[in-house]
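Okay, here's what each chain looks like letter by letter:
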Amino acid sequence: MNLTLRVWRQAGPDAPGRFETYEATDISPDSSFLEMLDLVNEDLIGQGEEPIEFMHDCREGICGTCGMMINGRAHGPQSMTATCQLHMRTFQDGDELVLEPWRASGFPIVKDLVVDRSAFDRIIEAGGYISIDTGSAPDANLIPVAKQDADLAMDAAACIGCGACVAACPNGAGQLFTSAKLAQLNTLPQGQPERYERTEAMVEVMEEHFGSCTNMGECEAACPKGISIDFIAMMNRDYRKAKFRNRRSA
Amino acid sequence: MLDAKTPEGPIETKWENHKFDMKLVNPANKRKFEIIVVGTGLAGASAAATLGELGYRVKAFTYHDSARRAHSIAAQGGINAAKNYHSDGDSIFRLFYDTVKGGDYRSREANVYRLAEVSNNIIDQCVAQGVPFAREYGGLLDNRSFGGAQVSRTFYARGQTGQQLLLGAYQALSRQVKAGTVELHTGLEMLDVVVVDGKAAGIIVRDLNTGEISRHSAHAVVLGTGGYSNAFYLSTMAMSSNVTAAWRAHRKGAFFANPCFTQIHPTAIPSSDEFQSKLTLMSESLRNDGRIWVPKDPDETRAPGDIPEEDRDYYLEVKYPAFGNLVPRDVASRNAKTQVDAGKGVGPLKNGVFLDFADAIGRLGRDAVADKYGNLFEMYERITGEDPYQVPMRIYPAPHYTMGGLWVDYHLQTTIPGLFAIGEANFSDHGANRLGASALMQGLADGYFVLPYTIGDYLAPQLGSTPVDTSASEFDQAEADVKAQVDRFLATNGTRSVDWFHRELGKILWDHCGMERSEAGLEKALSEIPALREEFEQDVRVLGSAETLNSSLEKAGRVADFFELAELMCRDALTRRESCGGHFRVESQTEEGEALRDDDDFAHVSAWEWTGQGSEPVEHREPLEFEYVKLTQRSYK
Amino acid sequence: MATKVSHGDDAATGSRRTPFLVELYRSALGKKYLMAISGIVFMGYVLAHMLGNLKLYQGPEEFNKYAEFLREGLLTPILPESGMLNLLRLVLLVSLVVHVVAAVQLTRMNKQARPESYRSKRDYVAADFASRTMIWTGTIVLLFVAYHLADLTWGWVNPAEAGATVYDKVVASFSVPAVAAFYLVANLALGVHLYHGVWSLFQSLGINNRRFNHWRRALAVGFTVVVVGGNLSFPIAVQVGLIS
Ligand SMILES: Cc1cc2nc3c(=O)[nH]c(=O)nc-3n(C[C@H](O)[C@H](O)[C@H](O)COP(=O)(O)OP(=O)(O)OC[C@H]3O[C@@H](n4cnc5c(N)ncnc54)[C@H](O)[C@@H]3O)c2cc1C
Ligand code: FES
Chain A
1 MNLTLRVWRQ AGPDAPGRFE TYEATDISPD SSFLEMLDLV NEDLIGQGEE
51 PIEFMHDCRE GICGTCGMMI NGRAHGPQSM TATCQLHMRT FQDGDELVLE
101 PWRASGFPIV KDLVVDRSAF DRIIEAGGYI SIDTGSAPDA NLIPVAKQDA
151 DLAMDAAACI GCGACVAACP NGAGQLFTSA KLAQLNTLPQ GQPERYERTE
201 AMVEVMEEHF GSCTNMGECE AACPKGISID FIAMMNRDYR KAKFRNRRSA
Chain B
251 MLDAKTPEGP IETKWENHKF DMKLVNPANK RKFEIIVVGT GLAGASAAAT
301 LGELGYRVKA FTYHDSARRA HSIAAQGGIN AAKNYHSDGD SIFRLFYDTV
351 KGGDYRSREA NVYRLAEVSN NIIDQCVAQG VPFAREYGGL LDNRSFGGAQ
401 VSRTFYARGQ TGQQLLLGAY QALSRQVKAG TVELHTGLEM LDVVVVDGKA
451 AGIIVRDLNT GEISRHSAHA VVLGTGGYSN AFYLSTMAMS SNVTAAWRAH
501 RKGAFFANPC FTQIHPTAIP SSDEFQSKLT LMSESLRNDG RIWVPKDPDE
551 TRAPGDIPEE DRDYYLEVKY PAFGNLVPRD VASRNAKTQV DAGKGVGPLK
601 NGVFLDFADA IGRLGRDAVA DKYGNLFEMY ERITGEDPYQ VPMRIYPAPH
651 YTMGGLWVDY HLQTTIPGLF AIGEANFSDH GANRLGASAL MQGLADGYFV
701 LPYTIGDYLA PQLGSTPVDT SASEFDQAEA DVKAQVDRFL ATNGTRSVDW
751 FHRELGKILW DHCGMERSEA GLEKALSEIP ALREEFEQDV RVLGSAETLN
801 SSLEKAGRVA DFFELAELMC RDALTRRESC GGHFRVESQT EEGEALRDDD
851 DFAHVSAWEW TGQGSEPVEH REPLEFEYVK LTQRSYK
Chain C
888 MATKVSHGDD AATGSRRTPF LVELYRSALG KKYLMAISGI VFMGYVLAHM
938 LGNLKLYQGP EEFNKYAEFL REGLLTPILP ESGMLNLLRL VLLVSLVVHV
988 VAAVQLTRMN KQARPESYRS KRDYVAADFA SRTMIWTGTI VLLFVAYHLA
1038 DLTWGWVNPA EAGATVYDKV VASFSVPAVA AFYLVANLAL GVHLYHGVWS
1088 LFQSLGINNR RFNHWRRALA VGFTVVVVGG NLSFPIAVQV GLIS
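Protein chains in written order, with our numbering: chain A, 1 to 250; chain B, 251 to 887; chain C, 888 to 1131.
Treat the hints as calculated values from the structure; they're not laboratory data. Cβ coordinates follow ideal geometry from the N, Cα and C atoms, glycine included. Careful: at least some of the hints might be erroneous.
If we take Cβ atoms under 7 angstroms as the criterion, some of the chain C residues that face chain A in the derived model are [as the list claims (entries may be wrong)]: (1) L911; (2) A915; (3) S1087.
Looking from chain A toward chain B, a few residues come up when the C-beta cut is under 7 angstroms (computed) [claimed, not checked]: (4) I27; (5) D30; (6) C58; (7) M88.
With the hints as extra help, turn the sequences into a complete structure.
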């Protein structure tokens, strides 16, 4: 199949950017979207043009490295699918694809389609963990966890930290990412002691970097792991309680 | 002869006693020591976090944009531990025994025993961190049997065990970053180890986004930089996984052990065309319920579902009645190759075998199967466009794990004092073949429970010393070398992309140093690789500048190292004239075509010393002695 | 070993602690929480307002009696005359200020979170028209409320002659086609605003239970249809002469 690509090219963080048009020819429908870009890059190198920089690593939808806007959708047209898992059979011969980087002030552009998502790390550093030193844990089965809690925690923990939620959100909000980690840790019995401190700290760092949630649900729709906005509601509840309790105990 | 410094005494108490015998750094003095940890995968992140908790001052480096993204994240199946929660006869000794046996008797007993011993602490630690392992209805931890084990000792978190364990370690690391004990540097690639007075003194790193090169010194350097399966180009590894850190340490004097011990995993999705960039693994756990077969007739044209039982060859079940579809990876892989080579491959390119769930769905119901493997099925369908609930999956072996790596002693120290290697980057524990669910276990064992103790023994005598000043001439030299290489790539201005060379190199390795190795093939590879490398040096085209993100430039450095490594892999494979585990030499097989070990001549570790490009490396041997495990010819009949 | 997240400022200021709601309001999550609460106040208000106005259909007497009752009858004699009405007005006013100021502040925050918007056309999947236009539907409703008060409460712009009854004022106003049209548009905007707002407040308040979640949308739709349906009927009834 043959496609036309309009790709955002930007030489560096402060450089001006623009769309460039490229043709992708003779693409197999069985190849992946990123393999299509590999081929375009091979051609560009052949012609002496700098290849397009894009983010990727595992290419199986788990590391959360990849991601870009494809025709106005984060990670492209297929739901529950990261960019690297998209296959060309999802597209039609002759399609035009517009590729743009994630845009959010919390995700500054590094080059072309590559952005810096370290704001997510700052959120986790604020409290996205259970404080337990290595070697001090009791036997694992001393802490029974109801299966439904374990399952719910796992649903939340499935987040790959790709940033599609922020990218897709019309407000550039980081709620889905933050709430997923909170829901995982706040659901498990191990996470209870720090529950409210964690919630308050993570939310506040989140708000330094990202926008606010107006419950549009675009994040959930873009999430390659289908993380539910129910977790955002949980976070909101815990945050209010946290504010109340932390005041009392401060 | 290499000395592994294995402690004396009975194997059950070696580690305990040794922990007592090692020198300690007292808590108040720990903050006087600086440690560099390169790599924040399972091994690196767990080590950096633990060292930080202990009070050391840690600098952690990763080329990833976040410590949450290391290749470890892709592990699906699970992690082993000898908890014996199911009272099915498991024990530390059994896990130890299985691992040594599974590794085809090419690993060091004492290390493996220690691994089995701390396996239980890992599960405790991870559960306490909030890793959402699968649970039974009673709320206790669930287990499954995995990859040839005859007991249920594998803990898992859906099909995302590696992700959850890595995130656990990443969170522990983040906590230390917050606490100020760990300084975390992301997006920085280590390009050299600096050795001063024979000891590791620091590293040179390059910022991938800005090209800035910087120097860092410390009292000790730890490498947790992962495996080198990407030497094959097509593998199940993440695209950026590479050997550079380990290789540059090797060039600085660290011996590289058993480079030819690579694992080819039996259940990857076959490639669909020649531009395939990587292979996707389907978790080995699928073999618990899926049945592997090929049509008996190479010219079969019927749809798989229409082929009657009598025309199917369930070749593993037939050949290995006791283990059936659960034979170890190397055996399953080689048998798949035999079938495909005999023309019985399935799929459009006839490059796979079937993994069929029809029976399991009939027996357990679609829901139960979906519950266990749902996300894997989805992944498969997304890639191939075929629904595995309806049509059997197609699988084929793919390079997946490298047992070889930097040689380390019992303390996980390389042959350069002060340089340690952990996780997949070192060679220890798995011998010639790794059992399923054991890599996660080893990475975390090294990082959480072994290195943080053994490193103290190296550091304690240095109390009062400061790290070498980064203005030392050794740092100047190392930095100049790194810069020179970067400039050379940009100046070459040849005609072919880095990926092209990588692909070609991969083909040579896969053909001659893959699932089957022969003297003639290896000799051929050893003449082809240097020729291709020569071409690479003159004809590679790297565009752009060194001052912004430039992934071709990054790759060029990595591929240059793969070239040198590939040669060593072939040389090692050539020298080891026996078959063992993942290393199958056609000259050494039983009458039934099984791997035939030669314990008299090859019960040793081959550790190679770098002597310069173009000059033959020197082999050093560490003999392996087996006191507790009886050497037998592996048999899975 | 918990690494305590420090509350440095609080500890230093000791007993002089800011009130809980103020503290909550400082965060965007808290603002949303208070927007939800004030939203609920408005929901109660628009529902009551619509139900009360149904008395228009019972004729001038009933309607004027109802207007009188609102002013005097509510909870008197416990409260002084008009006391309850003023109290309600105060609650509404505070809610309005909170709702509007928070909305403006959050909108500004969201703009800052994406200073450079996408150059290519977005293809929304879940974000519907209602949710993306809250600030605009809200503005329309706000402008309308100002006009509505000037028209019927203070009578500044009311076409009826001085001393007219409330009923007459309403009829006079709705007889002007432009006013009726404005009223219709504003109520449609209110409907769109409610459609998202009523659903959304459950999320903001953290009222979430997988068993009941599917009722949230149904409630939003039902509530919107009732309130807006009722409201829309009044100017139409006046225009077609059903009420005169
Ligand atoms: C698809 C797949 C599935 C698997 N499933 C299982 C399983 O079910 N069970 C199991 O036990 N094992 C499994 N394995 C194996 C296991 O995942 C790996 O062996 C293990 O995770 C390796 O961990 P590590 O910490 O040693 O290295 P990695 O996770 O590879 O981490 C390497 C780290 O080093 C950094 N790094 C490398 N070089 C440099 C440099 N030069 N400069 C700076 N940083 C550098 C990287 O950024 C990264 O942070 C699987 C492997 C694959 C490929
Ligand atoms: S590249 Fe890892 S999730 Fe897409």
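A quick look at each hint next to the structure:
| no. | hint | result |
| --- | --- | --- |
| 1 | L911 | 5 angstroms, holds |
| 2 | A915 | 4 angstroms, holds |
| 3 | S1087 | 4 angstroms, holds |
| 4 | I27 | 9 angstroms, violated |
| 5 | D30 | 4 angstroms, holds |
| 6 | C58 | 5 angstroms, holds |
| 7 | M88 | 11 angstroms, violated |
Of the hints listed earlier, those the structure fails to meet are numbers 4, 7, in rising order.
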